[in-house]
Amino acid sequence: MIKITNLEKIYRTEEVETVALNDLSFQVKEGEFVAVMGPSGCGKSTLLNILGLLDDPDAGSFLFNGVEVAKFNERKRADMRKKNIGFVFQSFNLIDELTVFENVELPLMYAGVKKSERKARVDEVLEKVQIMHRRNHFPQQLSGGQQQRVAVARAVVNKPKLILADEPTGNLDSSNGNEVMQMLTDLNEAGTTIVMVTHSEHDARYSHRIIRMLDGHTVTENILV
Amino acid sequence: MIKNYFKTALRFFWNNKAVTGINILGLAIGISAALVIFLIIRYDYSFDKWEPGRERIYRVITKLPDGSDAGLSLMAPPAIKAGVTGIEAVTHMERYAFYKLTITVPGDDKTPQRIFTKNDNVILADENYFKIFPHQWLAGNAQALAQLNQTVLTLSNAEKYFPGNDPGSIIGKKIVYNDSIVTTVGGVIADLKEKTDFDNRMFVSFKTIAETGLKKSFLGEPNWTNINSGTQCIVLLKRGTDPANIEAQIRNLYRAGLSGSHSRYKGYGGLQPLNDIHFNTALDGKVSKNALRNLAVLALLLLLLAAINFINLSTAQSTLRGREIGVRKTFGSGKKQIVYQFLAETFLVSLLASVLALGFSPFLLYAFKEFIPKGLEAGEILQGNVFVFLMVLIVVVTLLAGLYPSFILSRFQPVVVLKNKVLSSGKSRSAVIRQVLTVAQFVIALIFLVMVLVISRQIYFILNKDLGFKKEAIVSVPVPDVMLGKKSKSGVLVNELKSIPGIRNVSVSTALPTQDGRKSGRVFWYHKGEKRILDDIHFRTIDEHYLDLFGIQLIGGNNIRVDTGSKITDVLINQTLLHQLGFQHPENAIGQYMKGGPADSAQIVGVVKDFTTMSLHNPVQPVLLFANNQMFSPVISVLLSPDPASWKPAVAAMEQKFRALYPDKEFEYSFFDESIRSLYETEQRIAMLLKWAAGLAILISCLGLLGLVSFMANRREKEIGIRKVLGASVGQIIFLLSKSLLLLVMIASAIAFPVAWYFSRKWLEDFAFRTNLSWWLFLASAAGMLAIALLVLCLRTFRTATANPVRALRSE
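Top line first, the protein sequences correspond to chains A and B. Heads up, the final residue of the first sequence is numbered 226 in the numbering used here, and it's a clean run with no missing numbers. Heads up, the final residue of the second sequence is numbered 822 in the numbering used here, and it's a clean run with no missing numbers.
It cannot be assumed that every hint is accurate.
For lysine to aspartate or glutamate, the following EDC-like pairs were computed, each having C-alpha atoms within a straight-line distance of at most 16 Å [what the hints assert, rightly or not]:
(1) A:K77 to A:D56
(2) A:K72 to A:D57
(3) B:K658 to B:E678
(4) B:K17 to A:E103
(5) A:K162 to A:E33
(6) B:K59 to B:D209
(7) A:K4 to A:E69
(8) B:K667 to B:E506
(9) A:K116 to A:E103
(10) B:K17 to A:E98
(11) B:K345 to A:D80
(12) B:K27 to A:E98
(13) B:K205 to B:D286
(14) B:K13 to A:E98
(15) B:K346 to A:D80
(16) B:K605 to B:D546
(17) B:K248 to B:E65
(18) B:K384 to B:D207
(19) B:K17 to A:D57
(20) B:K128 to B:E678
(21) A:K160 to A:E118
(22) B:K346 to A:E75
(23) B:K296 to B:D286
(24) B:K13 to A:E103
(25) B:K276 to B:D79
(26) B:K675 to B:E665
(27) B:K205 to B:D58
(28) B:K203 to B:D58
(29) A:K129 to A:E180
(30) B:K345 to A:E75
Chain A regions said to be covered by chain B (calculated; three or more residues, Cβ under 8 Å) [unchecked claim]:
(31) 51-64
(32) 107-120
Calculated from the model, a selection of chain B residues having no Cβ within reach of chain A, i.e. all distances over 10 Å [to be verified]:
(33) K17
(34) A89
(35) K183
(36) L281
(37) V307
(38) V349
(39) V365
(40) P424
Hints were generated in silico from the structure; no laboratory data involved. From the three backbone atoms N, C-alpha and C, an ideal C-beta is built for every residue, glycine too.
Okay, chain A solo, but in the shape it has when bound (with noise of 0.2 Å):
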């Protein structure tokens, strides 16, 4: 599903030149649920942004689904996005002015489905996050691992083909954090490829695969199953 070749990412100010990606190679396979682990500062979140097409590479290529994507403008960018990807963040990411059930709608109303299939979709993916009964509330009602499970139905009420998780426990308790991992777990066996960044070995035992990276490239890549 997702073939990087020689990625770079370079980021500029006017003193300091900053190497975020250098030479990295991957690729993830369609079903995969994959972890990239390192330090702070290895380029994790900047490669994640490349894949959920957030930002642009300096050079190399990104295959997503057999199509260069790499030099794709912004306009492409967002077509292709709402079309095949759903984002987990740390810190939800939620739009407080929505409530639950908006907050999840997002996505399809972007999409552009219809009232009836959306109010439907959405009523089935609270339904499966266990968060129904909060469909009315506002983000700042909810706890952090309810918040969280909101995010992560708004990330696959659109049925995407890869879901990316930037460090999705970071902001939650373990027992939450643990819930969320499940979710993805099972939404993964469901057929969703999954890429999640994380600095949590008990969380990145979830996914079938660790690439460790460092200084901008992967140094080690384990496979846990």
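Given the structure of chain A, go ahead and fit chain B onto it with the hints provided.
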């Protein structure tokens, strides 16, 4: 999707009430000012839109080498009727034929005779009037005006003069004008509902005057060079006729009429389109298009100020929206959708502001009442096209205020904003634009403020300048007849008034020292056997008490004498005329002979110190003060005792004496200082309007400032907490938060002053006597603006500066 935009917007507003409130209030003020100004402009543009074929209607006016006059020679209308082709209808009317008109409705067996002294909008007109200005006939018809001694009146006047009678039964009843012209009612028309500058409500058939012995006394001697502003001639051109062709024919008529004895006269007839009549103030128009344009600019500026607030606060607040935009983009939103979302949000703010503006408008109409035409009422706000205008305004404001912030917001990169990276540092481009816009706001507000100070100072200057005469405690009373010496009614009245306690002096003259308009003409000076022509000399006919009553100083010779029995009239001149005659010393001028004005022969007996005869827009004019000869419509001036408490009983006693002599006439009086003040009504209205504009501009700008400083204070809460923990004082924190905004106000002053100086100077150029553009006016404006800004800033920064730092630090 739209529903989602509005829902998000409403919830965002709710969570950010203060900033939203500031945005809505600022825009509401701007929109209500625009709405009121729209009502004024619409009102003025709605005049005379009802006449059929109005694009073919023209008024014949007199074009003179130095301008035009709305009036005509009496010779012109009949000549046009007889000699111009291509005209469908011509009407000749006289607007001011009846001076101080008294109308008598004779009594019968059942009702007593009734006398009316307040009668307005009465004209002489011929039957063609109604061909050009058609009215609905309730009884009779237009042919009444083709006959002698006929009156046509509107229904409201019919009800006034013949209460309880239906229109049909009034036909044939008698109406008497000024005790002398007996007419019969020949028609009753419905009152006009449409707005018009031809608001005539009572029509006396033209023939009644023009074809009888009354002609000479009412209309004077017809002459091609004599222009009477009451003489009006309106023409309806035939379809397809070129007005230039008609103008050429009229010019030929003038040429033929003026050939021979009037060869030096340069006036001729021209056409003024109907749609120019309301706006041509050089003639008798009510309001100039320029003035309306200035009002429109004012409305735009106020709207711009409010839009700037919105832009500034929206872009400043963008940090709060960053995450939302990041999420929306991550989950599939395109740039365009973000732009639409924020335009929808701005639309909502504008819509709410417009609703509030509708509520403000009646108050603003009241505040602007001096500027608002009398026929314009608050109810007009509820008319359909006002809502159309409001909708257009909402769209304009939405685009003006919403486009820039929405582009800024739509440019956010999710990868940046979702990581909570700094979006709105003080050095970002939108922050610089915010500073530029804030400076622009204060530039506009400061220009208004300086102009208000300059105009107010000039008004103070002109109202307090020594004009060369006294103006306090002087009352003038127009006398409704011709003064024919001391035994005439007016002469008797003068003597009667002198006996009233509290009256110090009484004088009779044709005009007060200063008055509205010009009273001037040509005189001849006989010097060393030569007859010299002096043009545009200002006349007053006065009695021997005039100088004393008005405190006009005699600097040479003697006061005038009246009733000397001599054929040579005494005359006084002022210093300006003395110098114009080429003399330096009064004694050189005394004894010189003059001819002109009211005197066939006059001799200079004295010289008075210069005084102003017109508003201070004009320099001091050369003046001739003739001794009391015959005066047409004289004015009695009365000097009251200086104690204002004695004025009311004195005026009441004057009225009693007046009524005893003129039982059918209205007693009118005015205080001289108030009449002088009224010469500057335009300036006072402009000052009032600018005060409002400055006030609103400052209010809107300060609202913006308040919003910005609130935002800054919130954003720097943690920093301020740390500074306080490290020992910063309240004053230091207030200074920290305020200094950058105060600097902007100072930059605005530097930009505003040259502009304000330029406009002030241009405005003052219109006055012959003017105040200086002192540096302190500018300094006071800047200081005032800084003080207001500081106060606004302190309102918010004080709260932050005195807050417990533990709270700010704990919230992290």
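Hints, verified against the model:
For the hint linking K77 (chain A) to D56 (chain A), the alpha-carbon distance of about 12 Å falls within 16 Å, and the restraint holds. For the hint linking K72 (chain A) to D57 (chain A), the alpha-carbon distance of about 7 Å falls within 16 Å, and the restraint holds. A hinted pair counts as satisfied when its Cα atoms are at most 16 Å apart, and K658 (chain B) with E678 (chain B) qualifies at roughly 14 Å. Under the criterion of a C-alpha separation no larger than 16 Å, the hint pairing K17 (chain B) with E103 (chain A) is consistent with the structure, at around 10 Å.
Our distance criterion of 16 Å between C-alpha atoms is met by K162 (chain A) and E33 (chain A), whose separation comes to about 11 Å. For the suggested pair K59 (chain B) and D209 (chain B), the alpha carbons sit about 13 Å apart, so the restraint of at most 16 Å is met. Restraint check for K4 (chain A) and E69 (chain A): the C-alpha separation of about 9 Å stays at or below 16 Å, so the hint holds. At roughly 7 Å between alpha-carbon atoms, K667 (chain B) and E506 (chain B) fall within 16 Å of each other, so this suggested pair holds.
Taken as a hint, the K116 (chain A) and E103 (chain A) pair is honoured in the structure, with Cα atoms around 12 Å apart against an allowance of 16 Å. Among the hinted pairs, K17 (chain B) with E98 (chain A) is consistent with the structure: their alpha-carbon atoms are about 8 Å apart, no more than 16 Å. Taking the CA atoms of K345 (chain B) and D80 (chain A), the gap is near 12 Å; set against the 16 Å cutoff, the hint holds. For a cut-off of 16 Å, the pair hint linking K27 (chain B) to E98 (chain A) stands: about 14 Å separates their Cα positions.
A hinted pair counts as satisfied when its Cα atoms are at most 16 Å apart, and K205 (chain B) with D286 (chain B) qualifies at roughly 15 Å. With a C-alpha separation of about 13 Å, the suggested pairing of K13 (chain B) with E98 (chain A) holds against the 16 Å cut-off. At roughly 13 Å between alpha-carbon atoms, K346 (chain B) and D80 (chain A) fall within 16 Å of each other, so this suggested pair holds. Straight-line distance between C-alpha atoms of K605 (chain B) and D546 (chain B) comes to about 14 Å, which keeps the hinted pair within the 16 Å bound.
For the hint pairing K248 (chain B) with E65 (chain B), the CA-to-CA distance comes to about 11 Å; that is within 16 Å, so the pair holds. Proposed proximity of K384 (chain B) and D207 (chain B) is supported: the alpha carbons are some 13 Å apart, at most 16 Å. At most 16 Å may separate the alpha-carbon atoms for a hinted pair to count; K17 (chain B) and D57 (chain A) exceed this at roughly 33 Å. The hinted pair formed by K128 (chain B) and E678 (chain B) meets the criterion: a straight-line CA distance of about 12 Å does not exceed 16 Å.
Restraint check for K160 (chain A) and E118 (chain A): satisfied, since their Cα atoms lie roughly 13 Å apart, inside the 16 Å limit. In summary, the hint linking K346 (chain B) to E75 (chain A) is supported, as the alpha carbons are separated by about 12 Å, within the 16 Å threshold. For a cut-off of 16 Å, the pair hint linking K296 (chain B) to D286 (chain B) stands: about 10 Å separates their Cα positions. A hinted pair counts as satisfied when its Cα atoms are at most 16 Å apart, and K13 (chain B) with E103 (chain A) qualifies at roughly 11 Å.
In summary, the hint linking K276 (chain B) to D79 (chain B) is supported, as the alpha carbons are separated by about 13 Å, within the 16 Å threshold. About 11 Å separates the Cα atoms of K675 (chain B) and E665 (chain B), which keeps this hinted pair within 16 Å; it holds. Annotation: proposed proximity of K205 (chain B) to D58 (chain B) holds, straight-line Cα distance about 6 Å (limit 16 Å). Distance hint between K203 (chain B) and D58 (chain B) is fulfilled; the C-alpha atoms sit about 11 Å from each other, no more than 16 Å.
Of the pairs offered as hints, the one joining K129 (chain A) and E180 (chain A) holds, with about 12 Å between alpha carbons and a cut-off of 16 Å not exceeded. About 9 Å separates the Cα atoms of K345 (chain B) and E75 (chain A), which keeps this hinted pair within 16 Å; it holds. Under a criterion of three residues with beta carbons nearer than 8 Å to beta carbons of chain B, the stated coverage of the region 51-64 of chain A is upheld, 3 such residues being counted. Counting residues of the region 107-120 of chain A whose beta-carbon sits less than 8 Å from any beta-carbon of chain B gives 5, enough to reach three: the coverage restraint holds.
Consistency note on K17 (chain B): stated as away from chain A, yet its beta-carbon is not over 10 Å from all of that chain's, at 7 Å minimum. With a least beta-carbon separation of about 77 Å from chain A, A89 (chain B) lies farther than 10 Å from that chain, consistent with its non-interface assignment. The Cβ of K183 (chain B) lies farther than 10 Å from every Cβ of chain A, with a closest approach of about 76 Å, so its non-interface assignment holds. Taking the minimum C-beta to C-beta distance to chain A, about 62 Å, the non-interface status of L281 (chain B) holds against the 10 Å cut.
With a closest Cβ-Cβ approach of about 39 Å to chain A, V307 (chain B) is found to remain outside the 10 Å limit, as its non-interface label requires. The beta carbon of V349 (chain B) sits about 13 Å from the closest Cβ of chain A, which is more than 10 Å, so the claim that it is off the interface holds. Every CB of chain A is more than 10 Å from the CB of V365 (chain B) (nearest about 22 Å), matching its label as outside the interface. Once the 10 Å rule is applied to beta carbons, P424 (chain B) is inconsistent with being away from chain A; the minimum gap is 5 Å.
Violated hints, in rising order: 19, 33 and 40; the structure is consistent with all others.
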